[in-house]
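Got chain A sorted already, so can you dock chains B, C and D onto it with the hints?
Chain by chain, the residues:
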Amino acid sequence: MEWASWSDFWNMGGYGLYIWGSYGVTVAGVLIEVILLKRASAETRRSLKRMQQWEEQ
Amino acid sequence: MNLYTYASPANFYRLAGKLIPWFAWGAGILTVWGLYISFFMAPTDFQQGEAYRIIFIHVPAAWMSMFIYMVMAFWGAIGLAFNTRLSFMMARALAPTGAMFTFVALWTGALWGKPMWGAWWVWDARLTSELILLFLYIGIIALWAAIDDIRRGDRAGSLLTLIGAINVPIIYFSVKWWNTLHQGSTINLMKAPSMAKIMLLGMLVLAIAAWFYTIAVALVRVRRVILERERQTEWVKAILEKEN
Amino acid sequence: MSDFLLSVHDLACARGDRLLFKGMNFSLKTGELLLVQGGNGQGKTSLLRLLTGLARPEAGEVRWCGALIGRQRETFHAAMVYLGHANGVKDDLNPVENLRFAEGLQGRTFDAPRAVATLERLGLSRCLDLPCRVLSFGQRRRVALASLLLAGAVLWILDEPLTGLDVHAVTLMEGLIRDHLTAGGMVVATTHQALNLEGVNVQRLLVGNVAIPELAVN
Amino acid sequence: MHRFVLAVLRRDLTLATRRRGDWLIAQFFFVMVASLFPLGVGPEPAMLARIGPGVLWVAATLASLLSLSRLFADDHRDGSLEHMVLSPEPTVLLVLGKSLAHWLIYGIPLLLVAPVLGIQFNLSWEAIWVLELSLLLGTPILSLLGGVGAALTLGLRGGGVLLTLLILPLYVPALIFGAGAVDGVMAGTGAEAHLSLLGAFFVLSLMIAPWIASAALRVSLE
Numbered sequence: 001m002e003w004a005s006w007s008d009f010w011n012m013g014g015y016g017l018y019i020w021g022s023y024g025v026t027v028a029g030v031l032i033e034v035i036l037l038k039r040a041s042a043e044t045r046r047s048l049k050r051m052q053q054w055e056e057q
Numbered sequence: 058m059n060l061y062t063y064a065s066p067a068n069f070y071r072l073a074g075k076l077i078p079w080f081a082w083g084a085g086i087l088t089v090w091g092l093y094i095s096f097f098m099a100p101t102d103f104q105q106g107e108a109y110r111i112i113f114i115h116v117p118a119a120w121m122s123m124f125i126y127m128v129m130a131f132w133g134a135i136g137l138a139f140n141t142r143l144s145f146m147m148a149r150a151l152a153p154t155g156a157m158f159t160f161v162a163l164w165t166g167a168l169w170g171k172p173m174w175g176a177w178w179v180w181d182a183r184l185t186s187e188l189i190l191l192f193l194y195i196g197i198i199a200l201w202a203a204i205d206d207i208r209r210g211d212r213a214g215s216l217l218t219l220i221g222a223i224n225v226p227i228i229y230f231s232v233k234w235w236n237t238l239h240q241g242s243t244i245n246l247m248k249a250p251s252m253a254k255i256m257l258l259g260m261l262v263l264a265i266a267a268w269f270y271t272i273a274v275a276l277v278r279v280r281r282v283i284l285e286r287e288r289q290t291e292w293v294k295a296i297l298e299k300e301n
Numbered sequence: 302m303s304d305f306l307l308s309v310h311d312l313a314c315a316r317g318d319r320l321l322f323k324g325m326n327f328s329l330k331t332g333e334l335l336l337v338q339g340g341n342g343q344g345k346t347s348l349l350r351l352l353t354g355l356a357r358p359e360a361g362e363v364r365w366c367g368a369l370i371g372r373q374r375e376t377f378h379a380a381m382v383y384l385g386h387a388n389g390v391k392d393d394l395n396p397v398e399n400l401r402f403a404e405g406l407q408g409r410t411f412d413a414p415r416a417v418a419t420l421e422r423l424g425l426s427r428c429l430d431l432p433c434r435v436l437s438f439g440q441r442r443r444v445a446l447a448s449l450l451l452a453g454a455v456l457w458i459l460d461e462p463l464t465g466l467d468v469h470a471v472t473l474m475e476g477l478i479r480d481h482l483t484a485g486g487m488v489v490a491t492t493h494q495a496l497n498l499e500g501v502n503v504q505r506l507l508v509g510n511v512a513i514p515e516l517a518v519n
Numbered sequence: 520m521h522r523f524v525l526a527v528l529r530r531d532l533t534l535a536t537r538r539r540g541d542w543l544i545a546q547f548f549f550v551m552v553a554s555l556f557p558l559g560v561g562p563e564p565a566m567l568a569r570i571g572p573g574v575l576w577v578a579a580t581l582a583s584l585l586s587l588s589r590l591f592a593d594d595h596r597d598g599s600l601e602h603m604v605l606s607p608e609p610t611v612l613l614v615l616g617k618s619l620a621h622w623l624i625y626g627i628p629l630l631l632v633a634p635v636l637g638i639q640f641n642l643s644w645e646a647i648w649v650l651e652l653s654l655l656l657g658t659p660i661l662s663l664l665g666g667v668g669a670a671l672t673l674g675l676r677g678g679g680v681l682l683t684l685l686i687l688p689l690y691v692p693a694l695i696f697g698a699g700a701v702d703g704v705m706a707g708t709g710a711e712a713h714l715s716l717l718g719a720f721f722v723l724s725l726m727i728a729p730w731i732a733s734a735a736l737r738v739s740l741e
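Chains A, B, C and D are the protein sequences, given in the same order.
Heads up, the first sequence is in my numbering, so the first residue is 1 and it goes up one at a time.
Heads up, the second sequence is in my numbering, so the first residue is 58 and it goes up one at a time.
Heads up, the third sequence is in my numbering, so the first residue is 302 and it goes up one at a time.
Heads up, the fourth sequence is in my numbering, so the first residue is 520 and it goes up one at a time.
These are computed hints drawn from the structure, not numbers from a lab.
Mixed in with the good hints there might be a few duds.
[As the list claims (entries may be wrong)] Each computed BS3-like pair below joins lysine-lysine, with the alpha-carbon atoms no more than 27 Å apart:
#, chain 1, residue 1, chain 2, residue 2
1, B, K75, A, K49
2, B, K171, B, K233
3, B, K299, A, K38
4, A, K38, A, K49
5, B, K294, C, K330
6, B, K171, B, K254
7, B, K171, A, K49
8, A, K49, B, K294
9, B, K75, A, K38
10, B, K299, B, K75
11, B, K75, B, K294
12, B, K294, A, K38
Bear in mind that the values here come from a model prediction, so they are computed numbers and not experimental data.
The shape of chain A in the complex, shown without the other chains:
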């Protein structure tokens, strides 16, 4: 184990800002992509269903 304590872990030997900045942005990138994709998929299904109902009428 490399870390004596949690604060030690977050501090990362003084490089905490750089390391967590990197990991944070990566996580944010992935999350944003997943959320946007989920929304787009739901929107596609909604609009297709709307269109289908409209055609059935």
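Below, chains B, C and D alone, put in the same frame as chain A:
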């Protein structure tokens, strides 16, 4: 059932639906394992201190940005040669994820560069060609967005991907060469001797996780595109009705 | 001229995700006119573009003398000439120059006296050295028709050739089509206007998403 | 085959002589962009000589881009592009002829103006000579690669801006080798290596770009 059957959108839609959870869970588990390696198993680097831990995402992201581009070029070429709709859909589905990884590679590269070289940005071959790769991704996505006609968009985007694929290596080597002329010594991100085995393992695990993630996301996107493009067909109507 | 054959097999055409037509079959022989009819947006122009090879069909094939047009691009394009909505006439050039460059781009040598004679025949004798910019729409259309005549192609594919032409020119056009067919040529044309085509072998083709009736021969 | 390329060339050159305004605008753009830099960074001769090659190359790139969006667009609008594509001659030669015409109309004049700008930027005569050589080899690359972009964006809304976005990344090697050659001769390391790499990139573009552009043209006309 042979491979060709899966090339039909209806079958591929079902197959993709079954595969997505596997890849998504795989990506999650591998990420946890990879992060454990990178933060708790890999020792502190005696030269770079803890800052080197950024490479556990920087390097896989840089790999992904290039690999995804090559895979896009591959699908584009297949689509242009054999006129298969599905391959164009794959190419399109990969682009946003590729651009995202390229951005992550640039961002993490800058955050690593600051403590290591004292500068957020250096015009070294890898960062510069990564930047130009991002421009190419943006160009391709913009071209797709600008063309309303699906068939034209598919083909035009793939042609652009192909000419970019020929150009990326040339750009890389020209920047590298330009760089050696302008700065006495090149800065090498990965000094081979100090690379411990455990570091390599961490990068590999995270790279595979990134692959699984990319595949899962691309499949979701392809499924969405299939639904849109095949909305006139009976099987799509049946699927939508079942969900109602 | 020897015998030629343009045939279409099980042709389907889509624009965006809308299927314009499918399962279209017809064949056109030497000396025949195919009149393509149908409402706006039903795919008349799309069909003509498929026949020229500019567009690729969603399904089915277009054959020239039995072979796919894509396989014999050079032969087919040498035998075919297309006149679309746009005239393909450069505004900055005069009619004679337009014809000269059009001929050169088709890989043919330019026969100046013949070009001038053709333009005069189409009633453009007073505009020969004016830039096309100053010509009227109908006059520019005539320049395009002159280039059609000069091409000496077997197959004419004409998209609304009568648009913008006056009564006199329409009669002229009817005569040109009749002469071309008598000489063993073939014509595919769309038009909204009535054409006097006595003594011409006409096939009528209705394009539309609704059940396509088999070819009603006039 | 040669006859066809010549026919395309003669046509485009004739059309260009009828519309001299467009041609002049591109040249003035080149001069103006290059002249803005000394105003922005200051008149110090040593610094101007240092940034000169890069600035002139970037300005030449932008000037060539400016006219590219119209490479096929004018002919597309009046329908003559379709006629040309339907010619029995190969589309690839059409693209080659049009790229060549674009280079002669917009590229060669840059070569004539560049020495004057080189003097403004305090470049030595030797550097100006190499700049000319590099532009001679490099500007056809801009026309060839630009043809791909012009074909891809044909008829699109905002196609001109999109074209810039698509093509500028592909220009990077030409920019590096071209400006590098002038840098090299000023730094005393010689320009041969840069110029031969630029030449190689030119040959590669000549072999590949017309094919991709003609495929793109057919896709765009579909």
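Please name the hints from earlier in the document that this structure breaks, with their numbers sorted from lowest to highest.
Violated: hints 5 and 7.
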